[in-house]
Every structure is written in C-alpha cells, then in structure tokens.
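Asker: Chain order of the listed sequences is Y and V.
As numbered in our numbering, the first sequence has no gaps in its residue numbers, which increase by one up to the final residue, 1279.
As numbered in our numbering, the second sequence has no gaps in its residue numbers, which increase by one up to the final residue, 180.
Careful, some of the hints might be misleading.
Stated by the list, open to error - Between beta-carbon pairs, the in silico distance windows are:
#1 V:Leu108 with Y:Ser652: 40 to 48 Å
#2 Y:Arg914 with V:Arg112: 21 to 29 Å
#3 Y:Ala838 with V:Ala141: 40 to 48 Å
What the hints assert, rightly or not - Which residues of chain V face chain Y? A few of them, derived with a C-beta cut under 7 Å, are:
#4 Thr26
#5 Ile64
#6 Asn68
#7 Leu71
#8 Lys72
#9 Thr88
#10 Met135
#11 His158
#12 Lys159
#13 Ala162
For the record, the hints were derived by calculation from the structure and aren't laboratory data.
Quick caveat: nothing in here was measured; it's all calculated off a predicted structure.
In this text, a Cβ means the ideal position worked out from N, Cα and C, and glycines have one as well.
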Amino acid sequence: MSVPTDPIQALAQTDDLAFVGEAMRYLDGLMDADEVAAFSASLREDAARREILVAVAYLQQHISRLEQTADERSLPLSTAAHAIGDDPEPGDTDGLLDALLAEHGEGDGALKLVELNEPPHAVSVTRATPAPDGGPTTARPDERGAIIDFAGLYIARKDTASGGGIKVKHLGWAAALMAAAFVGWNWFNRPTPPVELPVVATVTGQNGAAWDRPDVIRVGTALRQDDAFTLEHGLLEIRTQRGATVLAEGPCEVQLVGDNRVRLTRGKLVARVPDARAHGFAVDTPGAQLIDLGTEFGVAVDGRSATRTAVFDGKVVLAGAAQPKAGGTSSGQTRPLELTPGRTAQASSSGRITEDAVPSAKLANSFRWSIDEPAMPDYVLAYWRFDDVPVGQRLAHQDGRDADRGRIAARDSSGRNNHLYTYDEDFAPWGVDDIPGPVVPGPRLFNTASIRTYGQTAGGFKNLYTRGGIHDTSALELAEMDRWTVELSVKPKRLTGTQSLLAKQYLSEHDGTVDWLPNHGCVLAIQLIDGFIGVEMLDDDGRLHTYTGKRRLSTDRWHHVAVVRGDDTLDVYVRPEGQPLFIHERLAASLPAASLRLLDASNAPPFGRRLPLEWNLGGLADTTQHAPAMLDEVRICRTALPVDRLLFTPRSSDPLAAAVMPSDGWGSD
Amino acid sequence: MEKSAAIRTLLTEQPRLLAYIRTMVVDPALTDEVFQEVAVLLLDKYEGLGDDPHLRGWLMITAKNLSLKAIRDRARRPMALDEQTLEAMDTHWQHLDRDALDDRLESLRICLAHLTDYARRILQLRYRNGLMGDELAAALNRKKQTVYTALTRIHKALAECIEHREQAVFRRSPTQG
Chain Y
611 MSVPTDPIQA LAQTDDLAFV GEAMRYLDGL MDADEVAAFS ASLREDAARR
661 EILVAVAYLQ QHISRLEQTA DERSLPLSTA AHAIGDDPEP GDTDGLLDAL
711 LAEHGEGDGA LKLVELNEPP HAVSVTRATP APDGGPTTAR PDERGAIIDF
761 AGLYIARKDT ASGGGIKVKH LGWAAALMAA AFVGWNWFNR PTPPVELPVV
811 ATVTGQNGAA WDRPDVIRVG TALRQDDAFT LEHGLLEIRT QRGATVLAEG
861 PCEVQLVGDN RVRLTRGKLV ARVPDARAHG FAVDTPGAQL IDLGTEFGVA
911 VDGRSATRTA VFDGKVVLAG AAQPKAGGTS SGQTRPLELT PGRTAQASSS
961 GRITEDAVPS AKLANSFRWS IDEPAMPDYV LAYWRFDDVP VGQRLAHQDG
1011 RDADRGRIAA RDSSGRNNHL YTYDEDFAPW GVDDIPGPVV PGPRLFNTAS
1061 IRTYGQTAGG FKNLYTRGGI HDTSALELAE MDRWTVELSV KPKRLTGTQS
1111 LLAKQYLSEH DGTVDWLPNH GCVLAIQLID GFIGVEMLDD DGRLHTYTGK
1161 RRLSTDRWHH VAVVRGDDTL DVYVRPEGQP LFIHERLAAS LPAASLRLLD
1211 ASNAPPFGRR LPLEWNLGGL ADTTQHAPAM LDEVRICRTA LPVDRLLFTP
1261 RSSDPLAAAV MPSDGWGSD
Chain V
4 MEKSAAIRTL LTEQPRLLAY IRTMVVDPAL TDEVFQEVAV LLLDKYEGLG
54 DDPHLRGWLM ITAKNLSLKA IRDRARRPMA LDEQTLEAMD THWQHLDRDA
104 LDDRLESLRI CLAHLTDYAR RILQLRYRNG LMGDELAAAL NRKKQTVYTA
154 LTRIHKALAE CIEHREQAVF RRSPTQG
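Could you put the whole structure together from the sequences, leaning on the hints where they help?
Answerer: See the structure below:
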C-alpha cells in the first residue's frame, strides 16, 4: 500500500451501497454494540471497505465545512496567523483587517476576526464585509460572542445551541487565536433550523410551581431548545443535558437557549454545575452573561432588568452584554469580572458591571437551593451567625439589666427568637471581619462577620447568653433534645486552661436554697481543654461525664467543630480551615442511659428543683471558664446530623466533600 | 519548526484529522474536543518537531492516542472500532493522496450545487444543523431508514460527481491503489 490511495475514487466506483449506508450509520452513532462489532469485523477483512469508510468520513468533514460556512466564510487561521505574525500590534484592528482583507477580500462573504487585545482580557469580535464595488470595508462588532481569558483559561462564549465553553491552555497569542478560530468554526452563523429543536433540559423537580405553558409540570418533562416559560410561583428544578442544575424561583421568566445555556429575563434562579461536562454553563440576562467555571451561583434580574449575582462556590465570569467598538481600543469598556465565593456583583441593563465593595449577604442569602428543603429546617433551635454585629465595635449590650427585654447583641437566624445578649459594656464582645470563610457551604449562606470574645487591648471577660430559662420556657431547653448537634467555628486566642465555648447551665433549688448544680451548673458544655475539644455532660444522678478529643486545635486558624450526640454515641468532627475534610473522632460508643435524663427538670433528688439558666457563649454565667477566641456560625440542632448536613461540609463536586477522615489523618501541632 | 508553519500544517490537516478522529470516537462533540487537544499539544511541542511529513505523522499519532484516551475517559460503551481494525484503518489514512484530495474541495462545492432541492435539504439538516438519526428523520418527516438510504445515495453521487469532474478537468488517470 505504498502508492497513495484515493478513497473518493473508491467510493465513486464501489457497488457496495449497503456498506456505504453502514458507514454512514456508524459515523452518526446509530449502531448498537453488536452492530459495531460486526461492522468492525467486516472492516478488518476488507481493505476496500476500509477505503470507503475513510472516504465517507472525509467527505462528511468537507461537506460539514462547506455547509457551515455557506453564508459566511470563517477566517482561516493560517491567514490570521500570517497577517498577525507572532508579535502583533495590540489594538491595531484596522491594520489587521486590512491585512486580512488583502488576502481574503474577494468574494461575497464576510470575514470574521476574533482579536484578543493585549493583555488578552478584552476581546473584539468583528465582522468585516468588503464592499462589492471596492468601496470602504464596513466593520461592526458582532454581538454574538466573545472569548474571555482568565488566568490562562480561555472561555469561548457562544450563543448557539451548541453552547458551552472550551478550555485552552494559555500559550500566548497564537494559541488564543487558534482557540478563537476553532470555536469560530461552529460558532457563528448557525441559522435556526425550521425543525423541532433538540431536547436540552429535563424537569427534575418542582414545589408549588405553576407555569404558563399548556402542559402540566411533571418530573421528566423534556424542554427543547428555545422553550421559554414564565413561572408564576413555586420552585422548578431543571437539569440540562450537559449536567447543570437550575433551580428557578417564581415569579420568573426563563428560556432554554441551548443545552448549556439559559436566559433569565426576570426573577431569580440558582445554578449548580458540578459536572465538568457542563463547565461553561451560561446564564444570559438582559444586560449581561454569567459564565460558570464549575460552580454554584445565584442570579436575580429585577424589574428594571438589572442583574445581580452572588457566587457560592467555584468561579463565575460576569460579562456585560455591551460589546467593544469595532476598530477601537479596549479603553472605556466594561471588563468582564471574575467572581469568587462570597462576592456579589451587578450589571445594569446596559451591561455596565460593578462589583459590590461590600458583598450583599442579603441578596446572597435570599436564594433558595432546594425544592423541598425549607430555608431553615425545623430541627434548628438556634443559629447565631453574627453577620448583624457591628464590625470593629462592641456588640449592643444591656447596661446591666436583665436580658428579657434588653437590646439584642446578636440575632438568632433560626426564626425562634433565641437571640443573644450581653450584660454591659465591659462584657460585650467585639464584632470583627475575621471570618472562617466567605460562604457557609452547607446552607450556602454568605458570611461577613464574626465575634471576638476578648478585649481590644487587654483580656477581660466577654460572653453572650440567651434569655434565662427562669423567665420563660425556651425552645432551647435540653429536655427536648435527647439527640442533638452543636456546631461552631472557633479561632482560639490561647490554648491553655479550660475554656467554655458554649454551655447550658442550671441552678437547683433545695429546701428554699438556690445554688448551682455541680460543675458550675453545666449540664452540657462544649469546651476547649488545653486546646482539645471537650464535652461535659451531667447526668441525672449528678455524675459528670467528660469526653476529650485527641486532636489539638491551633491559634493560627479557624476550626469548624461539630459535636453530635446520637442515641448512645458521641462524635466530634473538626475541620481546620483550609483542610478539605472533617476529622472524625468517636468520643463515646455507648453513652450511659442515665445521661439521657440529665436534663430532666423535675424535683427529683439529690438536687431538688432544677432551675434552667441560659446558654452561655464564650464563658460561663459565673464569669469562669472564659474562652478568649473568635467565634462564628454557632448552631444548635435537636437532631444528630449526618456529616453531609453540617454547616461546613463542602458542597463542591469533590466526591470527598462529604467524607471524613479518621483522627490520625491530620497531624496536631 | 516555526510556529506559523506548524499552525498552517495543522489547518491543512484539519479536515483529515477530524475525519480520522471521527472514525474513532464517533461522537461529533468529542471529535471537536480531541482535535482541540491535539492543537493545544502541538503548541507545546512544535519546536521539537521536524519537517512537514514528520509533523503530519505526529499529528496522526497524537490524534489517535488522544482519541483512544477520550474513549477510555468517557467510559463509553464499546461503540467504537476495535484496535485491530483501527490498525488496519491507519494504513489507509497514512497513504491518502493528500494533494488529490485537497484539489477536490472546489469540485465538491460545485457538485453540491448540482444536487436536487431535496438532497440539498437533507444535507443542510444533517451538516448545517447537525441533525442525525431520529431527529433528522423527524425533521424530514420520513422514516430513518429512508433518510439514510437517501444520504447514502447522495454521498455516492457526490463522490461520482467529484471523480467525473476531476477526470474531465484534469484528465488524471485513476490512481491504482
């Protein structure tokens, strides 16, 4: 076979039409596995057939090429590379066009030029149409696409059904051009076919949703390209063919633009794009495009068509719809913005982009992430987020009064009004912006502030407490909690001594005398004991049970801590900030049954009538066990949460996200 | 090798490489992806590559390796040809008469213009709109088998037209394979 072969000739001369048909079916992916195997075997034995397969594949590519560029010639890359050379003049679009048109000026087609300005952040996409009579060339910005480079990653923005982005390593100018040219091949000029459009997404769930389409919303309902709906109310979850999940919240207007692209004209949606196949997923809004780089984000379009977005995981590019001017430089244009978790930005209806200097937690925390899970599950008894505290100042305090009608120092986000108070100015912790992370990944909440339970310059006892149980029956009473989870993020100031991070205290009244129950009245205390997480529980017989973790926290970073009381188990999970996994330790495999009753508020001996006191954060009510630390995201739940429901379990696509590591996997200091 | 020369060769080889990759991975989107990967790799390696034939060989080998990797990575059903068949196919790809094939692009354009309206419409739906299989049949309101029989005849007719024009215009004698 050393003589050059000519497959087209073989195809022209063959009588084996049946096999030509087989080749077409194979190349179009229409064969099942058995047919492919038979097809493969027949090829192996027959050189003429192999030649025909080559011919058909070859012919298909050329017909594709001609068909797709029938209306508009794509710019051959060689020409672009030749005209530009390796050292182009940044922004010299006119010169570039002249050079290109000199070689490709004939004919009736228009040329496309994708130019990456230097540095290649801004992109001009220009269409130049040579005048038939040799007159001046007209050039205009093409509004249908852009290529955006961030940190060496080129994302090709497309607006056709093919959707999606491509990734090209950052290899300099020519590589960028190649990316552009390759994309350009299928990118431009794909007319809307006069046929039923392909299915691009499927309804995967809904809750109270009503839309304006004639059909009833059902799980499994297929949505085709260009399908649009107005969601009057409720939540509708759809999944694109490429694996992006979109949760639309009514009222909103949504259109499926492609298999990896939606348009949001009004209202809110959140997108989750864990699947690498769907990276490049885009949301078009009236003034902007959001392009995902493997992430979770929310988008809202208000009545004036302004776009607001909040990023929860990964990265998102926000690009204004306004396009650069043809032939001009990139100055004065609104540059695309890359957003990371905890950041918010907006785009006006005209495409002007502004990042919020202070991220809008209000916007971010207004998004709904699940069709069936309420924003705040009812097992949450208290959730202190400290995002309402004054950063750089003392928290609002009580001026020495009782807590029952005083000024709230930190609000409870659970909706149960279990707010926190502080006694007076000297006791008041400080609001700080040192936080354990910009986003709390579990509930996907933005985090902006935490508290510091020590003085600005010197020490001093600072703590916070709930209303006392003496005064009212609170949902926070432990009697309701035979299983529970306490979570908090802590960055200790020191590691020595016994520090009470969070404790529930009781008094007892016996023969008319009121006194503490044993152990400072702590029936449940989450502590830091010489830098180790400790859990103390007082059982109904007055016996103290102390459990201590084996891993020491450090003062240089935040730690997410969760203590989980199951039926007869006690577990602690610790995840140092920056580590991907929780470290898990089982503190007790079979808790004494009596410890379940430790919180009984009866008058049983030996302690007489129990008088519930408050929960104390950062130290005990009797001003002992002060815990100088930074604290944030403190949550009490009346259930034993699995690790994947904890506040700081990562939500990323990382399959290990919900995994835990045994305690010997992480070295202590 | 110069970068511009490497890029030019890549572009010249693009249709052949795409066809080659397509016969291995079948899926059109995957075909594009593999080709892009080849291009990116080329930009890393072009300096170490020799002359044009050397580069063309490198492109074919790289396209094959990346195609096989893509098939494996996607954990696809065994929808592709087995490796022994691919080996046999390679001989044909390696011995393509490039010049003759390239000359034929212009002929193809003219031959397409000679097709009936119905044939043009099938090709437009198939190649411009990317419809295949059931979607293509639905768009034409015909049975899938009918449509593929028509597609088969159209491609055969195009090959004959090209061949005929070549012989008429260039008076080339048929190459003996």
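Asker: Against each hint, give a clear statement of whether it holds in the structure.
Answerer: We went through each hint and held it up to the structure:
About 30 Å separates the C-beta atoms of V:Leu108 and Y:Ser652, a value inconsistent with the hinted range of 40 to 48 Å. For the pair Y:Arg914 and V:Arg112, the beta carbons lie near 50 Å from each other, so the given range of 21 to 29 Å is not met. Roughly 22 Å separates the CB atoms of Y:Ala838 and V:Ala141, a value that falls outside the hinted 40 to 48 Å. The closest approach between the C-beta of V:Thr26 and any C-beta of chain Y is roughly 5 Å, which is under the 7 Å cut-off, so the hint is satisfied.
For V:Ile64, the suggested interface contact is broken, since its CB lies about 17 Å from the closest CB of chain Y, more than 7 Å. This hint is violated: V:Asn68 has a C-beta 18 Å from the nearest C-beta of chain Y, more than the 7 Å allowed. Annotation: interface hint on V:Leu71 violated; nearest CB of chain Y at approximately 15 Å, more than 7 Å. At about 15 Å, the closest approach between the beta carbon of V:Lys72 and any beta carbon in chain Y exceeds 7 Å, and the interface hint on this residue is violated.
A distance limit of 7 Å between C-beta atoms decides the matter here; for V:Thr88 the minimum to chain Y is near 5 Å, and the interface restraint holds. The interface hint given for V:Met135 is met, as the beta carbon of that residue sits about 4 Å from the closest beta carbon of chain Y, less than 7 Å. Restraint check, V:His158 versus chain Y: the minimum CB separation of about 6 Å is within 7 Å; hint holds. With its C-beta approaching chain Y no nearer than about 6 Å, V:Lys159 sits inside the 7 Å limit, and its interface hint holds.
Look at V:Ala162: its Cβ gets to within about 4 Å of chain Y, closer than 7 Å, so that hint holds up.
This entry does not satisfy hints 1, 2, 3, 5, 6, 7 and 8, going by the numbered hints stated previously.
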